[in-house]
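Undergrad: Go ahead and model the full structure; you've got the sequences and the hints to work with.
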Amino acid sequence: MIAGVVVDTAWFKGNYPPEISVEATEVEGYPPAAEIARDALWHTIVQRTKVYGDSRNPFDVDSPRRWTHVRLTMYPDGGVARLRVHGHGRPDPRFLQAGQFDLAAIENGGLVTDCSNRFYSSPQNLLFPGVARVMGDGWETARRRDGANDWVHVRLAGEGLIRLAEIDTSYFVGNSPGASALQGLTAQGDWVPLLARTALQPDTRHRFLLDGQQPVTDVRLDIYPDGGLARLRLFGELTAAGRASLQGH
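Be aware that the sequence shown starts at 1, since it is given in UniProt numbering, and climbs by one per residue.
If you anchor each label on the Cβ, the simulated ranges turn out as follows:
{"#": "1", "residue 1": "D60", "residue 2": "D211", "range": "35 to 45 Å"}
{"#": "2", "residue 1": "R65", "residue 2": "Q124", "range": "16 to 26 Å"}
{"#": "3", "residue 1": "G147", "residue 2": "G29", "range": "45 to 55 Å"}
Computed cross-link-like contacts, SDA-like style, restricted to lysine to any residue with a CA-CA straight-line distance of at most 20 Å:
{"#": "4", "residue 1": "K50", "residue 2": "E19"}
{"#": "5", "residue 1": "K50", "residue 2": "D60"}
{"#": "6", "residue 1": "K50", "residue 2": "P76"}
{"#": "7", "residue 1": "K13", "residue 2": "T73"}
{"#": "8", "residue 1": "K13", "residue 2": "G53"}
{"#": "9", "residue 1": "K13", "residue 2": "T49"}
{"#": "10", "residue 1": "K50", "residue 2": "G78"}
{"#": "11", "residue 1": "K50", "residue 2": "M74"}
{"#": "12", "residue 1": "K50", "residue 2": "D77"}
{"#": "13", "residue 1": "K13", "residue 2": "L83"}
{"#": "14", "residue 1": "K50", "residue 2": "G14"}
{"#": "15", "residue 1": "K50", "residue 2": "G4"}
{"#": "16", "residue 1": "K50", "residue 2": "P18"}
{"#": "17", "residue 1": "K50", "residue 2": "R82"}
{"#": "18", "residue 1": "K50", "residue 2": "N15"}
{"#": "19", "residue 1": "K13", "residue 2": "D54"}
{"#": "20", "residue 1": "K13", "residue 2": "R82"}
{"#": "21", "residue 1": "K50", "residue 2": "G79"}
{"#": "22", "residue 1": "K13", "residue 2": "D77"}
{"#": "23", "residue 1": "K13", "residue 2": "S55"}
{"#": "24", "residue 1": "K50", "residue 2": "V80"}
No lab work stands behind these hints, which were simulated from the structure alone.
Heads up, the beta-carbon is just placed ideally off N, CA and C, and yes, glycines get one too.
TA: Below, the structure is given as structure tokens:
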């Protein structure tokens, strides 16, 4: 789902496009680019409009639909440094019945909505695809001196049943949390325990089986007392309500 587009003409002062437009489409499978350009049904999400040279030109997009491709058109020509398309991931609804998947992954629509601390890095890193390559690819908090603990709040792709949690401390050796716990938020607004406070090891990919009986829409990960994590994975399946919420888009 696209929420905004940025057409950045940085450094292009005498050769930027005077006007642009942006279109989007949803395509199944993996057709070649030429076929998409020729056969896809394109919808305008940014009308033809003026842009400025050597500038960041932002545009809001009000579209609840799922898109897979965008097309930038310049009038008549010129140079663009970067095209940024901001929004939220949505999984292909055809695959929602295929089995368990990562309900927290940012590519599936998971999103960090709040956290206690982001001193060294963004907590969104926890939900990125693939494995972390270095410590900086994860989330690390500042040291706590107040006796409390750090936490992160994740909105899942949709209401689901979590069967397995993966808490990865890869690359965090002297600064990993000593322990962690998981709670889930139900659609009724109640917090329920998913994983009791459990010790963690440094530089280790931990996997925990959960009972997966309670549908939840959000998860809170607590770390004790602070430290860094490379990735958080929450594998499970959507409930009927969760599937309906995604298919509605």
